[in-house]
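Chains as they are written, first to last, in the numbering used here: chain S, 62 to 382; chain H, 62 to 382; chain W, 62 to 382; chain D, 62 to 382; chain B, 62 to 382; chain C, 62 to 382.
Hints listed in this document are in silico derivations from the structure and should not be mistaken for laboratory results.
In this text, a Cβ means the ideal position worked out from N, Cα and C, and glycines have one as well.
Errors might be hidden in some of the hints.
Claimed, not checked - Facing chain S, from chain H, some residues (calculated, C-beta under 8 angstroms): (1) Ser73; (2) Pro74; (3) Gly78; (4) Ala80; (5) Arg122; (6) Asp126; (7) Gly152; (8) Pro158.
Chain residues, written in single-letter form:
6 protein chains.
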Amino acid sequence: MPRTTLPDPRQSPRFAGIATFGRYPLISHVDEANTPVDWAIYGIPFDGGVTYRPGARFGPRAIRDASQYLKTHHIEHDITLTDVFSLADVGDAPVSPYSCSETHKLASDWALSLGEPATTKLLALGGDHSTALANMRATYQRRGAPKNGLALLHFDSHLDTVDSVWGERYGHASPFIRAIEEGIINPKRMISVGIKGPLNHRDDLVYAQKHGVTIITYDQWQAGGATRLQEFARSLGDQETYLSFDIDVVDPAFAPGTGTYSVGGFTSAGIFGALRSLAGVNIVGADVVEVLPDRDPAGITALLAAHVAFEIMCLDAARRK
Amino acid sequence: MPRTTLPDPRQSPRFAGIATFGRYPLISHVDEANTPVDWAIYGIPFDGGVTYRPGARFGPRAIRDASQYLKTHHIEHDITLTDVFSLADVGDAPVSPYSCSETHKLASDWALSLGEPATTKLLALGGDHSTALANMRATYQRRGAPKNGLALLHFDSHLDTVDSVWGERYGHASPFIRAIEEGIINPKRMISVGIKGPLNHRDDLVYAQKHGVTIITYDQWQAGGATRLQEFARSLGDQETYLSFDIDVVDPAFAPGTGTYSVGGFTSAGIFGALRSLAGVNIVGADVVEVLPDRDPAGITALLAAHVAFEIMCLDAARRK
Amino acid sequence: MPRTTLPDPRQSPRFAGIATFGRYPLISHVDEANTPVDWAIYGIPFDGGVTYRPGARFGPRAIRDASQYLKTHHIEHDITLTDVFSLADVGDAPVSPYSCSETHKLASDWALSLGEPATTKLLALGGDHSTALANMRATYQRRGAPKNGLALLHFDSHLDTVDSVWGERYGHASPFIRAIEEGIINPKRMISVGIKGPLNHRDDLVYAQKHGVTIITYDQWQAGGATRLQEFARSLGDQETYLSFDIDVVDPAFAPGTGTYSVGGFTSAGIFGALRSLAGVNIVGADVVEVLPDRDPAGITALLAAHVAFEIMCLDAARRK
Amino acid sequence: MPRTTLPDPRQSPRFAGIATFGRYPLISHVDEANTPVDWAIYGIPFDGGVTYRPGARFGPRAIRDASQYLKTHHIEHDITLTDVFSLADVGDAPVSPYSCSETHKLASDWALSLGEPATTKLLALGGDHSTALANMRATYQRRGAPKNGLALLHFDSHLDTVDSVWGERYGHASPFIRAIEEGIINPKRMISVGIKGPLNHRDDLVYAQKHGVTIITYDQWQAGGATRLQEFARSLGDQETYLSFDIDVVDPAFAPGTGTYSVGGFTSAGIFGALRSLAGVNIVGADVVEVLPDRDPAGITALLAAHVAFEIMCLDAARRK
Amino acid sequence: MPRTTLPDPRQSPRFAGIATFGRYPLISHVDEANTPVDWAIYGIPFDGGVTYRPGARFGPRAIRDASQYLKTHHIEHDITLTDVFSLADVGDAPVSPYSCSETHKLASDWALSLGEPATTKLLALGGDHSTALANMRATYQRRGAPKNGLALLHFDSHLDTVDSVWGERYGHASPFIRAIEEGIINPKRMISVGIKGPLNHRDDLVYAQKHGVTIITYDQWQAGGATRLQEFARSLGDQETYLSFDIDVVDPAFAPGTGTYSVGGFTSAGIFGALRSLAGVNIVGADVVEVLPDRDPAGITALLAAHVAFEIMCLDAARRK
Amino acid sequence: MPRTTLPDPRQSPRFAGIATFGRYPLISHVDEANTPVDWAIYGIPFDGGVTYRPGARFGPRAIRDASQYLKTHHIEHDITLTDVFSLADVGDAPVSPYSCSETHKLASDWALSLGEPATTKLLALGGDHSTALANMRATYQRRGAPKNGLALLHFDSHLDTVDSVWGERYGHASPFIRAIEEGIINPKRMISVGIKGPLNHRDDLVYAQKHGVTIITYDQWQAGGATRLQEFARSLGDQETYLSFDIDVVDPAFAPGTGTYSVGGFTSAGIFGALRSLAGVNIVGADVVEVLPDRDPAGITALLAAHVAFEIMCLDAARRK
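This is chain S alone, in the form it adopts within the complex:
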């Protein structure tokens, strides 16, 4: 018997009905037997932290729409996600559209109370990358604020450890510097995969070096990065690990719908390979961010984002198995 019950797509078509993520039930509709849920999926419709093209506030809605075509059985892991987990869409976090720090507080406080902290893991759909901070904070608190912080698997074109831009310390270029300062993330157990494109300054690399963050640029990825990532993942053992996925880590050909894209990166198949290689890691929270639907007429970015979210939850399911 499935833990999550969806409308049968061979009865109620995927283009019908109110759009929840993956057609999963709203949390208020989950029956007791499947409560608390294993993963609570929610949106953070906020783009007040961007430095270039805005519009990611419409990301959660776009991902929900695209996710109607998300099926449930993962061939490569041989897992039917909805058999393993009770899953629910809990709607969108409250936001304060004109303030990064206020939004992070609102969203983080709200997320703290979702489901059952001991059981329920949080998957946030962005929104810009600054929203990751809210979900990392909530995840960290729910795991009991572990002394050494969480490990971090970070997929991105950008380092996102800039101290501040235009006077804002909580924008989308800064989630990880803040998370490290707050003790949420342990920089020595943080890896940034897929970094690409020119930087504003050579110095932008210094923070990572100084704090022990591991970086695999996409250029390095092509020369053996997969092995390095797997070694890193293996070294984590049971360490509680957060996964933050910025959709711009893939090449704009595969994700034209984002705000600060950088050419020359992962293919979709390549990123799936990278994610699938992480089986065994102890994922305790995650986000998929920076989906900006406006200039992506086919909606392939949001579709990819939905599948990335699915891949992440399947990692957790594979581990449980």
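Given the structure of chain S, go ahead and fit chains H, W, D, B and C onto it with the hints provided.
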């Protein structure tokens, strides 16, 4: 105190949350004090009856998304719709994507049971125009199957009284011929406004003439049609009246997102003028159909459709006032 | 019995088959009984004469595609065009993509020989407005090169009587100055309707004044221009008249797919009204030009162009009637 | 001899060169004879004040690109703008992307110093409507802070006199309430033309009533509003007047590229008629705002905005004449 | 001397003329010397069998348009296709838009009679994947209904062996289960390459296992699948083989214009490599399906589809050589 | 201290200001200390030489817009380009839109005089590939017309050595045959990388063979082409080398905005790898051509082009280092 409670847009932004029509509550979330609802809005995500470009199955979802920016106070009628009515989104009707007649049965049966027939009126979001038949049937039954049928206000580029196309008698060119045959619509109290563009045959006009349907082409509209429509409306008195609105009645400049568009028609402002002139008519059910979002990057068609639905319900509110 | 036989749209759908204009037969498929044809429709896929955005070379193909949804019975004139006329698509004229003057010669020579000059009228689909010169030349020759030239009904945002641009005397800003010089068009019987937008120079108006061309700007149109046009048309009597239609005469909202658009003009319905008011004029040739499909995702410009071509031929049919 | 020298479009094509507004010179390239300039055009690339769809930060650049096709001679006013005025593009104001109030200060201070206050008028290109406050402030100071404030001609779908949204008092719903509070605008000499669509609250109309702001909704416009506007304009006499133009005042068919569009409004031709009727008014500053290019593939919104800016400056030129 | 004569692109440009596939002649224009043709290309404009996004009915027309830029000499095979083969576009098959099974009958019967069965091979352009059944049936009959059926090379994201969806046994999820049941395809000689994305049920894999269908998922492809495919192909020897190509086998980045896309697959170059590795296989019929142009503004999907069709015919030419 | 001073993106956002390439100064704004500049970047807005889809005349403007997001530090080369070089945007070359040969003369003459020939290298942004001839001519003259000509690194889908098309010897299919005839390029030191797609004639390969041009098709690239390219590059030693980059060398998934695209080629990451492998080559001039923005809603083609230009200049910087 409002009859319908929405999220306050100055707290929870319009780009946040699961998208229901107009941000109205799901029917399962309406409190007892406001039950039964006055209008039940639902989608019929079906385009199996089209004769040219398909895709209107995505219409209900597109209208819900666009309707997030639908406000509640109608300046010209001086009515706050949510103060007057209890409103709810009841989701989408069941459909059988490969069969017009089967879909009409499924949707009509399902709609029959929504809310409280004596009180609750039905507003269907298409889907292709064939889905109107389902909503007309349900409306007719809920009103006690009045012997002389319902009056019909029909806005459209097309007559939609073709007997059959490619052997299908229930496609989107035929809803009204079927409704008349079934006694649901009284052709003598039916008016088709905005007819435009060339026809397949001169004979396509014969059915209307023979059965007493009134036609105002857009050419005629420009030469005094507004007066004729108002006279027709006044002549209806208290007669129970259904309103069927095909979005292609406006010019493609205003509604590029539809499947069988015809150039040279109403402006948006013009159609609002026409609808507002109907204050006093006893609307007992309605539909807004033929929204096909794929080639309308700005989404102005779905936005217009949402506002047309709002105008229709405001007509009912104005009458009650 | 129809003069032109089309596939029955209720058997062979409008989205099926090789796309010819209006689904009319290729000229090689017209049977003897209907030969010579009354109107030969052909494309001139050339945009080597433009001064701003190119791409109208794809206009004929776009119009053919859009014209699949062109029906045959004109309600307002009460004419079934295919009953009155034998019509054929004769394909595209030869062009020399790098040379205006060479293209005009090639296309004009080719068009001279289409159908039967005494009977068959030519309707050219552009291509940029410079291609009109080719069709005007061919039409003029086929009518026996009348001493006083042809009258001209010209719908456009622009005057198109510039002497030369960047050294080119045959570009899309110049077709009428050349046609007048060549004696094809009689400037005293030429009217330009719908002129709008700022000019490069005040002097651009001088040519018209000096040669007796009548101008109705769109501003003037709104203040009684319809009457002036009708008077002009009536004054033509039986005069052989050419009609040249630049799609940019309508507002970009109605025709976003063009190359040098100018804001603030005709609606589609407005232009149909203008065309329909010309019943009685002796149209002997016509063109519809400047359709550029690339940035018009819904294809409404090409659809409008197809209907304008239909309206023009219906004028001729109405006269015959 | 022209006051403003542009590249000759018949030598250097309109698609060539660095894009400045209207191809006007950068202010640093204006020769002494034409200094100070009469109108300084600048952008305020800021959308941090929006309540729905962001992206207007790209408005100034989109308008500059579209304005390459802006010609110089206004037929209806019979004015060659560049003969009358020395015009320059002064680039973009400094902005603080995360703060409305900070941006308004930065932009206003910067604008204060442009050209020669006594001579040079400011035309700002938005950006969201909140940026109008910056330009109104600078204009007001440059005119010597007149005791009774400036008169205001306001074209918009929205009233923009909301006190605050999400705690922000300087967002795009509030420029005029702030300007009135600051004594910049005299509400008794303020008119809002083209208001349309439903409101959030009936009370949103109260502010205008209480402070004496004149409102002409688009519904009222259609029933004689032109006359009322002209009377209002005439009543202003020589009063120093600011003109604020929100592109969403036109229907989305004509301006799909904006952030909070509202269906059922002005056509482009209609709005040109309204603007041209204002000849005689003493315009001392202006803005054109809320151009958001992302979902407008043909760029017709930015093109319209450029022409509106041109119409406004022509009003000033017409008065001088 | 070429077997197929095309317009010379250096005389008649590729953007000119009525669009036939690859600019090949209509079959009625092929001269006797080149009759019967070797390959008859035709469209099946039908999408009544889809389970998600419709619109593939416009696929044949889109492919024809895109194929205007298809050249004739294959560098890697060193073959000029038009020198080897007589090729013709035979237009579109008759369809019954509301019925899968009826369409398959109509199209199959019509295709049976094309060209000369013993010589002429059929290449069908979809349309949804259900249309493949029609072409497989016709091919099978034309080859004399071989007792063991045809071998099948199947490129796709999906297995397409679902028994029925929404009560329809002939939809686009089912062509191969039906073809196997009808004895047309030998499942033991069937290979499905490129399967990717999650499944509705783990059980969806059972059919293939039970009947001996070989599957290479895209994940497996990346780990040596090319070799497996080549071995499979070699094992076929002279076996009459059908090739069915669903465009969604490539990643949506390369084919955004399709209806049920699945992220993470082949690149265009990758799929060309796979196809070219099949030289030697005895292809007796083929299809390219699921092109849906509406949301692919650059038309790259249809262009790819045209080239895939070309690659397939080149395989046959390479074998003949 | 940087050689090139840009607006600080953490003060003046990348979406603000007049768009120059990479936000580099206009040449008139470069201070003396940094004069002459090392690289002069300019546009050639001309597409009069195309054989299929026009529109590349808007390429320079699109690249400038996209290049606002071009940063300055190249991670892989560890070079901050603006520290090494003085860079300037010098605007667009004069063009004669109706004539290839005239444009080449105008642009070449103009480019001859830019900066200081001995120091300043030229990077041209197309425009169609015919414009490369202008930049090659100017570069060659500025280098003192070396007797054996320049070496050429040519990235393209097409060979571009066709003698003439439609009577035009200077179109975009012919820049290299002309450059070789003029002695500018030494065919024995010319390599064409990434050739793909079918050819018009097998004979199109003969020119290269006869003159000693090296070709690496994309098929060959995948089988060891990287090594061959590196060997070729190494063999050039200090030879003065021109680099011509046609954006259609990458697959249309990565560059949908071009005019004659050919499916099945380089990824963005692949082409960056190829370019980076050229470190050491003595680049003395370059172009990036065939960007056509109209059908690329996300603008990824222009963004890629800007980054390719950056990569090329970084090669020069790496060599200097």
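Against the structure, the hints:
no. : hint   : in the structure
1   : Ser73  : holds (7 angstroms)
2   : Pro74  : holds (6 angstroms)
3   : Gly78  : holds (5 angstroms)
4   : Ala80  : holds (6 angstroms)
5   : Arg122 : holds (6 angstroms)
6   : Asp126 : holds (7 angstroms)
7   : Gly152 : holds (6 angstroms)
8   : Pro158 : holds (6 angstroms)
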